[in-house]
Amino acid sequence: MNFLRGVMGGQSAGPQHTEAETIQKLCDRVASSTLLDDRRDAVRALKSLSKKYRLEVGIQAMEHLIHVLQTDRSDSEIIGYALDTLYNIISNDDEEEVDDVEEENSTRQSEDLGSQFTEIFIKQQENVTLLLSLLEEFDFHVRWPGVKLLTSLLKQLGPQVQQIILVSPMGVSRLMDLLADSREVIRNDGVLLLQALTRSNGAIQKIVAFENAFERLLDIITDEGNSDGGIVVEDCLILLQNLLKNNNSNQNFFKEGSYIQRMKPWFEVGDENSGWSAQEVTNLHLMLQLVRVLVSPTNPPGATSSCQKAMFQCGLLQQLCTILMATGVPADILTETINTVSEVIRGCQVNQDYFASVNAPSNPPRPAIVVLLMSMVNERQPFVLRCAVLYCFQCFLYKNQKGQGEIVSTLLPSTIDATGSSVSAGQLLCGGLFSTDSLSNWCAAVALAHALQENATQKEQLLRVQLATSIGNPPVSLLQQCTNILSQGDKIDRRGSKIQTRVGLLMLLCTWLSNCPIAVTHFLHNSANVPFLTGQIAENLGEEEQLVQGLCALLLGISIYFNDNSLESYMKEKLKQLIEKRIGKENFIEKLGFISKHELYSRASQKPQPNFPSPEYMIFDHEFTKLVKELEGVITKAIYKSSEEDKKEEEVKKTLEQHDNIVTHYKNVIREQDLQLEELKQQISTLKCQNEQLQTAVTQQVSQIQQHKDQYNLLKVQLGKDNQHQVSSSDGAQMNGIQPEEIGRLQEEIEQLKSNQELLQSQLAEKDSLIENLKSSLTTPDTNEATASAGESEQIAELKQELTTLKSQLISQSGEMTKLQTEKQELLQKTEAFAKSVPMPIESETVIAAKTADVEGRLSALLQETEELKNEIKALSEERDAIKEQLDSSNSTIAILQNERNKLEVDITDSKKEQDDLLVLLADQDQKIFSLKNKLKEFGHPIEEEDELESGDQDDEDDEDEDDSKDQGHIQL
Amino acid sequence: MTYAYLFKYIIIGDTGVGKSCLLLQFTDKRFQPVHDLTIGVEFGARMVNIDGKQIKLQIWDTAGQESFRSITRSYYRGAAGALLVYDITRRETFNHLTSWLEDARQHSSSNMVIMLIGNKSDLESRRDVKREEGEAFAREHGLIFMETSAKTACNVEEAFINTAKEIYRKIQQGLFDVHNEANGIKIGPQQCISTSVGSIASQRNSGDVESNSGCC
Ligand SMILES: Nc1nc2c(ncn2[C@@H]2O[C@H](COP(=O)(O)OP(=O)(O)O)[C@@H](O)[C@H]2O)c(=O)[nH]1
Ligand SMILES: [Mg+2]
Numbered sequence: 001m002n003f004l005r006g007v008m009g010g011q012s013a014g015p016q017h018t019e020a021e022t023i024q025k026l027c028d029r030v031a032s033s034t035l036l037d038d039r040r041d042a043v044r045a046l047k048s049l050s051k052k053y054r055l056e057v058g059i060q061a062m063e064h065l066i067h068v069l070q071t072d073r074s075d076s077e078i079i080g081y082a083l084d085t086l087y088n089i090i091s092n093d094d095e096e097e098v099d100d101v102e103e104e105n106s107t108r109q110s111e112d113l114g115s116q117f118t119e120i121f122i123k124q125q126e127n128v129t130l131l132l133s134l135l136e137e138f139d140f141h142v143r144w145p146g147v148k149l150l151t152s153l154l155k156q157l158g159p160q161v162q163q164i165i166l167v168s169p170m171g172v173s174r175l176m177d178l179l180a181d182s183r184e185v186i187r188n189d190g191v192l193l194l195q196a197l198t199r200s201n202g203a204i205q206k207i208v209a210f211e212n213a214f215e216r217l218l219d220i221i222t223d224e225g226n227s228d229g230g231i232v233v234e235d236c237l238i239l240l241q242n243l244l245k246n247n248n249s250n251q252n253f254f255k256e257g258s259y260i261q262r263m264k265p266w267f268e269v270g271d272e273n274s275g276w277s278a279q280e281v282t283n284l285h286l287m288l289q290l291v292r293v294l295v296s297p298t299n300p301p302g303a304t305s306s307c308q309k310a311m312f313q314c315g316l317l318q319q320l321c322t323i324l325m326a327t328g329v330p331a332d333i334l335t336e337t338i339n340t341v342s343e344v345i346r347g348c349q350v351n352q353d354y355f356a357s358v359n360a361p362s363n364p365p366r367p368a369i370v371v372l373l374m375s376m377v378n379e380r381q382p383f384v385l386r387c388a389v390l391y392c393f394q395c396f397l398y399k400n401q402k403g404q405g406e407i408v409s410t411l412l413p414s415t416i417d418a419t420g421s422s423v424s425a426g427q428l429l430c431g432g433l434f435s436t437d438s439l440s441n442w443c444a445a446v447a448l449a450h451a452l453q454e455n456a457t458q459k460e461q462l463l464r465v466q467l468a469t470s471i472g473n474p475p476v477s478l479l480q481q482c483t484n485i486l487s488q489g490d491k492i493d494r495r496g497s498k499i500q501t502r503v504g505l506l507m508l509l510c511t512w513l514s515n516c517p518i519a520v521t522h523f524l525h526n527s528a529n530v531p532f533l534t535g536q537i538a539e540n541l542g543e544e545e546q547l548v549q550g551l552c553a554l555l556l557g558i559s560i561y562f563n564d565n566s567l568e569s570y571m572k573e574k575l576k577q578l579i580e581k582r583i584g585k586e587n588f589i590e591k592l593g594f595i596s597k598h599e600l601y602s603r604a605s606q607k608p609q610p611n612f613p614s615p616e617y618m619i620f621d622h623e624f625t626k627l628v629k630e631l632e633g634v635i636t637k638a639i640y641k642s643s644e645e646d647k648k649e650e651e652v653k654k655t656l657e658q659h660d661n662i663v664t665h666y667k668n669v670i671r672e673q674d675l676q677l678e679e680l681k682q683q684i685s686t687l688k689c690q691n692e693q694l695q696t697a698v699t700q701q702v703s704q705i706q707q708h709k710d711q712y713n714l715l716k717v718q719l720g721k722d723n724q725h726q727v728s729s730s731d732g733a734q735m736n737g738i739q740p741e742e743i744g745r746l747q748e749e750i751e752q753l754k755s756n757q758e759l760l761q762s763q764l765a766e767k768d769s770l771i772e773n774l775k776s777s778l779t780t781p782d783t784n785e786a787t788a789s790a791g792e793s794e795q796i797a798e799l800k801q802e803l804t805t806l807k808s809q810l811i812s813q814s815g816e817m818t819k820l821q822t823e824k825q826e827l828l829q830k831t832e833a834f835a836k837s838v839p840m841p842i843e844s845e846t847v848i849a850a851k852t853a854d855v856e857g858r859l860s861a862l863l864q865e866t867e868e869l870k871n872e873i874k875a876l877s878e879e880r881d882a883i884k885e886q887l888d889s890s891n892s893t894i895a896i897l898q899n900e901r902n903k904l905e906v907d908i909t910d911s912k913k914e915q916d917d918l919l920v921l922l923a924d925q926d927q928k929i930f931s932l933k934n935k936l937k938e939f940g941h942p943i944e945e946e947d948e949l950e951s952g953d954q955d956d957e958d959d960e961d962e963d964d965s966k967d968q969g970h971i972q973l
Numbered sequence: 001m002t003y004a005y006l007f008k009y010i011i012i013g014d015t016g017v018g019k020s021c022l023l024l025q026f027t028d029k030r031f032q033p034v035h036d037l038t039i040g041v042e043f044g045a046r047m048v049n050i051d052g053k054q055i056k057l058q059i060w061d062t063a064g065q066e067s068f069r070s071i072t073r074s075y076y077r078g079a080a081g082a083l084l085v086y087d088i089t090r091r092e093t094f095n096h097l098t099s100w101l102e103d104a105r106q107h108s109s110s111n112m113v114i115m116l117i118g119n120k121s122d123l124e125s126r127r128d129v130k131r132e133e134g135e136a137f138a139r140e141h142g143l144i145f146m147e148t149s150a151k152t153a154c155n156v157e158e159a160f161i162n163t164a165k166e167i168y169r170k171i172q173q174g175l176f177d178v179h180n181e182a183n184g185i186k187i188g189p190q191q192c193i194s195t196s197v198g199s200i201a202s203q204r205n206s207g208d209v210e211s212n213s214g215c216c
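Quick note, the sequences are listed as chains D and F, same order.
Residue 644 in full-length UniProt numbering is what sits at position 644 of the first sequence, and the numbering runs on without skipping anything.
Residue 21 in full-length UniProt numbering is what sits at position 21 of the second sequence, and the numbering runs on without skipping anything.
I should point out that these hints are in silico values taken from the structure, not numbers from a laboratory.
Do not rely on the hints blindly, as some may be mistaken.
[To be verified] A partial selection of chain F residues facing chain D, derived with a Cβ cut-off under 7 Å: (1) VAL41; (2) ARG77; (3) GLY78.
[Stated by the list, open to error] Take a look, some chain D residues computed to stay more than 10 Å from chain F by CB distance: (4) SER168; (5) SER173; (6) GLU215; (7) GLN279; (8) THR322; (9) GLU460; (10) LYS667; (11) SER931.
Predicted model, so just to flag it, every value in this text is computed and none were measured.
Yeah, the Cβ is synthetic: ideal placement off N, Cα and C, and Gly gets one too.
With the rest of the complex left out, here is chain D (with noise of 0.2 Å):
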């Protein structure tokens, strides 16, 4: 407040007084009228007023008026009126239209005028709040001034307002209202608001495109035409930029939100474009530098790539290209747009395979990449345009092996088109490189560089290189050339920078040796060059030749740092001696350092775009300034070491190399091992199906075993039955325990017994009758076979005999059996009773042991019976043994019998045989006989009747068989 009066005192003088009167004056009736056309009145005098006296009235009505906004809401018109007088107080915006002509810093002033005006206004934050409620009214009067006034707020104090805005509820949401307004001078002038409110300001930018501002903003864009569009399009893309710039989470919102795919039309710039506006080429350079935000190297790997993904998708990239080869497209526009492609296809191989594809429009087409590098080659085109071309060569070879080796490839021999018919990129570099202009030696030399970065194949290929210089001389090769230039030192004669052409060799040999022995090999091999190269670092230079002097050194020292000591003369050791001779350590490491502490060396570092404002800064390519960063230390501890260090780096290489033997015999065991395991493991696999199988088989067999094991165990409870069987029979025998079980079994066995002998007896009735019926049949037969007969009649009768003895036994036995039996029922009885009988006390002791002893003697008597039984039965199964000795003997007998019967019947058989024989001879010698008597009767001699009549009863047969005679005949001679 005291420096406002400082300038209201200061400027007292100006405003006539009657105007600073009539300003309190004003500022009294709006404050005190009770009427409120009045009030609104003098609001609008003091509007009139605010643009001229705006000192005054700001420092006298600022007051009144917040009071108005405060009170007199439901009038809109004196809202408007004290929102356009406060717009004017604090505005800096329509200073021109004051006609203030009075001091040179009064523009100045007035800025101070002001920020300090808005400081006033937002010290009271309620303030501001009750602006951006006023600004939810509809009402065109109300809102118009009420937007500009909150913008001029914002252009004042940015920071201080957007805090309030941001912690007052909604106040960003109420804002993007605005651009909902169907007034389109609201739309546009809210579009600058938010332009204000989102500047520097992340958190605000989110919610901005949280309330869907890209949707709105494009659909603006759209409706407005794209980059015909007039101003609204421009503000519109600025706010946009506000959004998305350095804002991840905003970038990543537009890619997801797919907005990248609704950019596309804006590119679509047609050939027929005649002529371009102001606006148009403003339009579309925001629009390019829209694109490159999204796609700027400095942003997260993967958002970019993710974007550069989602251009080539949605053909944004291939509508850029279209721009890229089209005629009649302004300088700044082309030179925007190929840096617009450069960062599109950076590092992203899709991206960069379909640049390479890209045609100009040209008869023959040629590959935009040579169409491009022709301009850079080209001293007549812009400067900004060459360094776009040489950006966008370095993006395209950025990451891209494969483009990398295309470019290269147009340099070798084999495939250089001996027609010339058509110019390639590696006839380009190399022109560029030998050119007479500095800005092409330069560019040509990076962009080779970059064919490079990184890339060990490329670098031993370009090594191939062979140029022809002049009619008759030998060819010489790329690195040669490169030195040979260099060796003009100083002076080299080239239009431009005496500097540029040298620091772009320099920059390409360092590259180009760095991480390659055999090209640092190559590189020695001339024997110019370390000479060269130490007398550069050596001299004292002045100061226009220290970063030459420092590229050397690098050179230099890479040549140690690199030296696979292949060369006897320029081995490592030797080369750092000749430091040491020639140039002092101390002196190389400072020489090295010119590098990194070059002016521009930083600037370079920052970005990868070679974006320089005048050719004389094209000094450093940012690729490279990373080479150095990371070569420079090495390179000063290679200097450092000692030679015995460096011997002892050689014994530690060599115990490397060492351990590395044995990590390698390690391997090798391990490689035998892995393989006897895997060996193992299929042996083990075999073994485990073998194991399988063997194992089902196994079970199968189980099952079986214990299929046969119930059937066994079945027949072993059929078996154990048919044994208790036979037990009991043998066990017959043995006799112990108590009688009636013994006699029990004594009865059964006899009683088989019995039945055995009735079946055997059976037998032998049936055998008696087949011998008799024998017998009978054999009366006439031999005297032999009766004799033999006779003796077995005997034998029989003797078997008969005895048979009926053993009957006999058995009836008495069994006769025996039941006297025992009922021997035992009466011993069992008197048991009983004797047992009743025992407890009776009353009889004398004598008595009872009379008793005891008539007892006892019974007992005896019996246990004697039992005994005698015992015996008896032990006699009777002798006895039986005995009995079934003689019927087995009897039963062979009678085998022995049944087979001489057999014989005998045979006998019988053929005996009957010999008398059907002999009864058959009898009957022929009877036939012979009668034959024989009847012949006799013919001859006269006299026969006996019988035979006669005998003889007639032949005579028939005789008649009939005549030819028998004669065959009889026949026999008998």
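Assemble the complex: chain D is given as a structure, and chain F with the ligands must be docked to it using the hints.
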């Protein structure tokens, strides 16, 4: 790429309860034990399928600290769903639910679906808030409830999807004006959806939305 609907969610709750981890688990299917403190709001998105419809979920993960509370408030109005998260191993995060809920109810549209989440269910041994308490709180305030673990991914998917199901159900019932983007719902491109498709989904029992699969 295309979707039938787009739903906007916000994740709210005290700092450290695992909001960012839940989002990461849902969008990237991974867990980051050491996670940066969320400054302001972070964005994530994923497509889900509900009733055969592709639904795009846009999720804003907020910062839980008091100082960011006012910023968080700006997100309520435009969200269709909110995941209100507490940490089952820290009772105070449960105690603060009321204040979060007040904020949400005050600044959101009345139809916003709120899912109450008890996170870190993998830390059973350190449990400080019983599951039943969470259930009771949810019942009392008409919220859906689940216990989740952003670490093991248990129920994370379900939490986000069940919220979407509930929003979808409300759309079918005609409770949401799908043509007003301020509700946090947007109809996908080339989708013709009449405003009264109600029948199919409204027949479905809301209970199945609340039923949570049993791994926690
Ligand atoms: N054990 C376990 N830890 C979790 C879980 N979710 C988050 N955390 C841990 O809790 C801490 C806070 O998580 P963060 O997501 O940053 O919480 P925010 O502040 O709510 O976003 C981190 O250390 C996480 O590793 C979970 O489900 N289980
Ligand atoms: Mg977080």
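Report the numbers of all earlier hints that the structure fails to satisfy, in ascending order.
Result: hints 4, 5, 6 break, sorted rising.
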